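Chains as they are written, first to last, in the numbering used here: chain G, 1 to 662; chain R, 1 to 662.
Check the hints yourself; a few may be wrong.
Just so you know, same-sequence chains aren't split out, so a pair can sit in one copy or run between any two.
The calculated EDC-like cross-link candidates involving lysine to aspartate or glutamate, where the alpha carbons are at most 16 angstroms apart (straight line), are [claimed, not checked]:
id, residue 1, residue 2
1, K450, E345
2, K53, E617
3, K142, D237
4, K142, D568
5, K53, E202
6, K53, D651
7, K356, E487
8, K53, E155
9, K142, E570
10, K142, D630
11, K198, D98
12, K469, D239
Worth flagging that the hints you see were computed from the coordinates, not collected in a lab. From a predicted model like this one, the values you see are computed outputs, not experimental measurements.
Protein chains: 2
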Amino acid sequence: MSIYLHDIPLAQAQARFAEALQTAGLAGVIATEEIPLNENALGRVLAEPVWAKLSSPHYHASAMDGFAVRATETEGASLSTPVTLIYGIQTTYVDTGDPLPLWANAVIPIEEAEPQTATGTVDPAARRPYAIRIRAATPPWKHVRPMGEDMVATELVLPAGHVLRPVDLGACAGSGHHELRVARKPRVAIIPTGTELKPIGEPVQAGDIIEYNSVVLAAQVRAWGGEPTRYPITVDDFDLIQAQVVDAARDHDLVLLLAGSSAGSEDFSARVVEAVGTLLVHGVAVRPGHPVILGMVERSPQSSFTLQSSTPIIGVPGYPVSAALTGEIFVEPLLARWLGRMPAEPLTLTAQMTRKVTSPGGDDDYMRVVVGQVGARTLAAPISRGAGVISSLVRADGIVVLPSGSQGVAAGEAVEVRLYRTPRDIARTILAMGSHDMTLDLLAQFLAGKGRRLASANVGSQGGLVALKRGEAHLAGSHLLDPETGEYNVAYIQRYLPGVPVVGVTLVGRAQGLMVLRGNPCRVQSLADLAGKEVRFVNRQRGAGTRVLLDYHMTQLGIVPLQVQGYDQEEYTHLAVAAAVASGRADCGLGIAAAAQALGLDFLPLFQERYDLIIPEDHYNSLLLAPLLDLLADGAFRAAVATLPGYDVSDMGQIAFRLEIV
Amino acid sequence: MSIYLHDIPLAQAQARFAEALQTAGLAGVIATEEIPLNENALGRVLAEPVWAKLSSPHYHASAMDGFAVRATETEGASLSTPVTLIYGIQTTYVDTGDPLPLWANAVIPIEEAEPQTATGTVDPAARRPYAIRIRAATPPWKHVRPMGEDMVATELVLPAGHVLRPVDLGACAGSGHHELRVARKPRVAIIPTGTELKPIGEPVQAGDIIEYNSVVLAAQVRAWGGEPTRYPITVDDFDLIQAQVVDAARDHDLVLLLAGSSAGSEDFSARVVEAVGTLLVHGVAVRPGHPVILGMVERSPQSSFTLQSSTPIIGVPGYPVSAALTGEIFVEPLLARWLGRMPAEPLTLTAQMTRKVTSPGGDDDYMRVVVGQVGARTLAAPISRGAGVISSLVRADGIVVLPSGSQGVAAGEAVEVRLYRTPRDIARTILAMGSHDMTLDLLAQFLAGKGRRLASANVGSQGGLVALKRGEAHLAGSHLLDPETGEYNVAYIQRYLPGVPVVGVTLVGRAQGLMVLRGNPCRVQSLADLAGKEVRFVNRQRGAGTRVLLDYHMTQLGIVPLQVQGYDQEEYTHLAVAAAVASGRADCGLGIAAAAQALGLDFLPLFQERYDLIIPEDHYNSLLLAPLLDLLADGAFRAAVATLPGYDVSDMGQIAFRLEIV
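Chain G with its partners taken away, still in its complex shape:
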C-alpha cells in the first residue's frame, strides 16, 4: 500500500501503525534485562513486579538503645514500687537495630532504666550493670520494630511498569533484591538527511542549515527512556540513505529518518521505505508536521539483534517544530509501549483564549500558546504558528490541540492547555505586552534569578495598552509620544484605558535614529532623505511607538507616506528592522542604537525618547511584580543596561505619572 503524501487522520495513522507493530510482535515490551540494584536503576521501568523476598526488618529489632525485657516481668512497676531485673538473666542491653533476644518482647529505653551496680548504687552510663530498676511497666512489643513492620516477604513492593524513583530502590533492596528486571532501553537510530545540512559548530553560508533536529530528537528519546544513536548527516542520495536505513534497522528498535519526508524532488524517505520494507502512512493530518512517514523495514536475515524480523521507521519532517512535535506524537507513545510504562501525560490547565484563532478544518492543529494568570483569569495567547520557528516551542507554555473538524476557537473561549511547564511556573510568570525594547531581555535574565519569568509579546505600544485594557497583561512597555503635548504615554492611556488606574514607571531613556549599513553607503542623514524614493526604508508596524515617532516627524517635515519607498514594509521589532537592513532587504530603518550595534550597523541618532512600563495599580502592588520593581533600583541591573549603547538609566524606576481616568 503506497500513499504519496495523502494526509490521513491521526487516529487512522496510529491505528495502521499499531496494527503493523502488533503483526511484527512489537506491540508490548520488546526486551528485558537484569540490572544491578544501584543508583543507575533510577528511571528504569520494572519489567516484572517486585515481590518482597525478605521481610523488613527481617528480625525483631530494638527501636531504641536500652534494655531488652519480658513485658510480663515488668508488671506492677510504678514510681513508688520499682521492679528490679537481674542483668544477663532478666534483661540485656541492646542498641537501636540490634536483634531482640528470643526470650524478650519489649525494650526499656536507657533513659527510663536505672542501671545498678552490685552494691545498689545507680550508674546511668552502665551498659552491663548488675541489674536495672524500672518504675513503669511496659506492654509487650513496646520499642520493638517487629519483623515485617515495613514489608513482609511475598508482599507486592512495586508493580511491573513502575518507573523507579530513589525511594523505590531502597524498598527493593530492603526487601531482599540486589538485581531488578527492567525493560531494556529501546535503541533508536536517528539519521539526519539533506545536502544543505551542516553539523553544529561548522561555519554556515547562505543556504546552509544547521542540523540540530537530530539533537532535539536524541534528547527526547533519552528523556523518554530510550537510547539514541545519532548518525552522521547523509546527503540527498537515494542509495546512501537506503544503506544507512538498512544498517540502522539491523541493530536498532526504531529508525527515525529526518527530513526528506515530503514529496519534493529530493525527498527520498518514502521511496527508501518502500524499497526496504512497507510504507504504511505518508502524510498525517496534523499541523505542523503533516508530512510524516510511518513504515516497517525488513531486517536482513543475518541480524541477530532480536527475534523480530522488522524495524519500525518514522520519517520525521524537516521543519524543527514539526520534528519535535512528531517526537511527542509518535515516538513517545511507542517508547512508553516498549518500556511497559504509562505514556507521558502532560499536566493540563483550562485557560481562556485571548483572541480568535482559525484553523484549517481537516487537520489536528497543535497551537503553541503562552499562558499567564492576570488577576483571577488564566489566559492563553497563541504564538507563532510557523513550523520553522523553534523558539516558539522554547517560549511556549503549552499546546492547545484544535481537533480536525473544528474551525478554530473564539476569543474568550475556554481551552485545555497541555502544559510544558508546571502550574507554579505559570503562576510566577509576568506577562509583558507592548513595545519591544532590548532591556526587556536583560530584565528577563535578571528576573529569572529572582523567581520570576518574564514572557513578553511584541505587539507595539498601543497593542500593549489594548492588552492592559482587556486584562491580558501585567504591564505594557510604551513610548508613545503625544504630538500635541510632547508628553509620553499619558494621552494614549487616557484614550485606551479609561477607568483603569495605572502607574507609569520609567524604564529607560533611549535614542532613536536611523540604522544603516556600516559606512552609510546610501548616504542618508535625516528623515528628509527618505522622501526621495531612492532609499529603501523598512518601517515598524502601525501602533508601534517608533511608528508614531516617525509619523510625527514626517508630518513636521511635510513628508507623506507615498514618498517613502518601503513605508508599507512593516516589521514588529527593532531587531527585525535591523536585520532587514543588515541583510540588504532595506537601506535603512528607524530604531534604537542597541539594535543597530547588535547587527553591526551604523546608527545616526535623531531623537531622544522615554520608555515607560505602564502597570495597572492592582499589579503594581502585587507580590508577582515586586521583584521587577526592585530590579529597577538594583545597581547590577542598571549597570548592565547602561552598557547597552544609546540608553540613559538616570530616570530608571521613577514614577513618571499615576493616573486614574474616570
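Knowing the structure of chain G, use the given hints to seat chain R on it.
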C-alpha cells in the same frame, strides 16, 4: 559552637547553614564548565544566558519549492491576464530552504506557476524553463522565511538558570552555539557508616541491616542534577570515619555522612565533624529525621579541587525515611543553589484528612499520606509514621507538613499535600480499604497494566465498611460471617451502611486455618488446643473478618479469650500473623493458606469462607472501577489467583448480593 543533639527549628538550622555557606563562598553557583551542544546537555543548567549569535534563518530562505521573483514584476497578473517572467533574468528556481537571490523578494510556489518552453508549451515539471507564466500577483515576502524570523542575533534565547529541555538544545544550536556554559554537576560523596551494615546482595543474619540509604541518596543526588560517589561501608570507628570524611571533602563539593548522627555510644558523626571542621547544627526539629548534623569540613591545604577552603557536610540519620526526607529538605535546595536553578517545587493539592492526627507540637511533622478522589471529595489518609518504614514513602502519594506549633489536624480538615505523583495518577487511583487478602496484591499488579492504581489500606472488614460509610474508599474487601445466618457480609452491611446502595461481588473463596511452624512442633490440630494456655497464639485485630470467625468458633466450642495465651496480641494482616509465627514470637495463628506458604509455614485448614468486594453502586458503575470489574472475568488474572494455595476462583466476579437498605 557545639550543640549535642539539641533540636533547633528548621528555619534556624537552614539560616545557620546558609550563613556558613555564604562565608565559605558557597552560596551560589560553585563552578561552571563548557560542554558540547548535543543530547548529553539535556537537563543541565545554563550558567550564562544564551544570546543568539546568529539569526535564524541566517538568510532569507524560500519557504516553498518554487520560483523566486520580484513582487513588483508580478503586479497586474490575473487569471485572464497572465504575466510572463523570463527565467534567469526575472525568475529562478528555488527549493524550500534555498537562499533567495538578492534581487528577489517573493516566491511563487511551483504549483502556482506555469513553466514554459521556448516555444510556449507548458511543462509543469520544468525547473529551468524558458519562462514562467503566473496568473496572480504576489505581495513582497510571500513564501519567504525572512532572516531572523525565528531568532534575531543578540536576542535572549534562554536565561541563566534554565534547565535544558530537548527543544532548547535546538534553539541554542539554531542561534549559532556549539557549546554551552553550564553549572558543573556538584560532586556529592556519600559515606555509609555502621558495623551492622551489609552491602546489597550479601546474605544477612539477625542484626544485619541491608545498606541501601546510600543508593537512595545517590539516586536523589542524580535526579537533582548532582554527581554522586558512593563510598564503601565504614564500620563504627572514629578514626576510619574521620579518614573517609577528610578524603571525601578533598574532591567533593558536599559530603553526606550516613547514620551515626544521633547521640548514642557509637554515633561518631558529630564528633568527627567537630574534629575536622565546624559543627553548626546537631539536631533539627523535623519529624521524622531530627538527628540531622550540619557542618563544614576544612579542606586540607593540598587540595586543588576548588578555591574554597571548606566542604559542607550533612550528617544524615540512619532510618531510611529520615534519610530520604533529609535529602529532600537539605540536599535538594543546596544542589539547586549550586546549579543556579529554582529549587524543586512539588505540585500541591488540597485534600480533606480522613481522620484526626495529633502531632508533637515542637517539630515540623512530615506526614506521609495516601490521596484519593472518592466521588467529589479529595481525601488524604495518613499512613505509617515510622521512620523505618521505607515502603510508606513508596506507597505515599504525598506529604502533609504539620508545622511546629500545630497540635495536629482534625478529621475533615483541609490540608495541602505536596504530591509525589501527578494529579492524574491520583485520579486513576482506586482506594480499597478493608480486610487484607493476598489476591489484592495480584489485583494491584494486573490493574497497573490497565491504567489504574490500587491503593489498599488494611483496616479489617468492619473498618472497610465504616470507610465506605464515610465515603473514604471506593470499595471494601470483606469476609464477615454472620453467626446467626451463616451468611457473609449482608448483616454487617445492614448495620454499618444503612441507606447506601451497594453491590457485593465475590472475589474468592478461601480456606482459613492454623499456621504453625513446619512440622507443627507445638502439635495443635484444632481451636480446642488453643485453650490450654501452653500454645502461644497470635490474633487478628478486633473487626477483622478472621477475628469474627475465630470468636464465632470459640463460642461454639465454649472457649473464652482468657483461656487463650496471646489472644490480646493483635496483628493487622495475614502475613503479619504468619511472620509472628515464623519468627517464633507465637506458636500459631489463624489465617489463610497463602500467607502460611509465603513464609514457609505449615497450614492446617479449618474452615472455608467467602471474600467479597463491597462496592457502592455509584462506584460500581464508574469508569474508574470498570477495569477492575473486567479483570474478575479475565482468564490470566483468574489463573494467577488459582496458583495461590487455598483459593477457589469458581465464584470470582459473581454478584453475591445487591442491597439498598433504607
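For each hint, the structure was consulted:
no., hint, result
1, K450 <-> E345, "between (30 angstroms within a copy, 15 angstroms between copies)"
2, K53 <-> E617, "neither (64 angstroms within a copy, 38 angstroms between copies)"
3, K142 <-> D237, "neither (78 angstroms within a copy, 30 angstroms between copies)"
4, K142 <-> D568, "between (86 angstroms within a copy, 14 angstroms between copies)"
5, K53 <-> E202, "between (55 angstroms within a copy, 13 angstroms between copies)"
6, K53 <-> D651, "neither (71 angstroms within a copy, 31 angstroms between copies)"
7, K356 <-> E487, "neither (34 angstroms within a copy, 64 angstroms between copies)"
8, K53 <-> E155, "within (8 angstroms within a copy, 58 angstroms between copies)"
9, K142 <-> E570, "between (81 angstroms within a copy, 13 angstroms between copies)"
10, K142 <-> D630, "neither (57 angstroms within a copy, 44 angstroms between copies)"
11, K198 <-> D98, "between (65 angstroms within a copy, 14 angstroms between copies)"
12, K469 <-> D239, "neither (60 angstroms within a copy, 70 angstroms between copies)"
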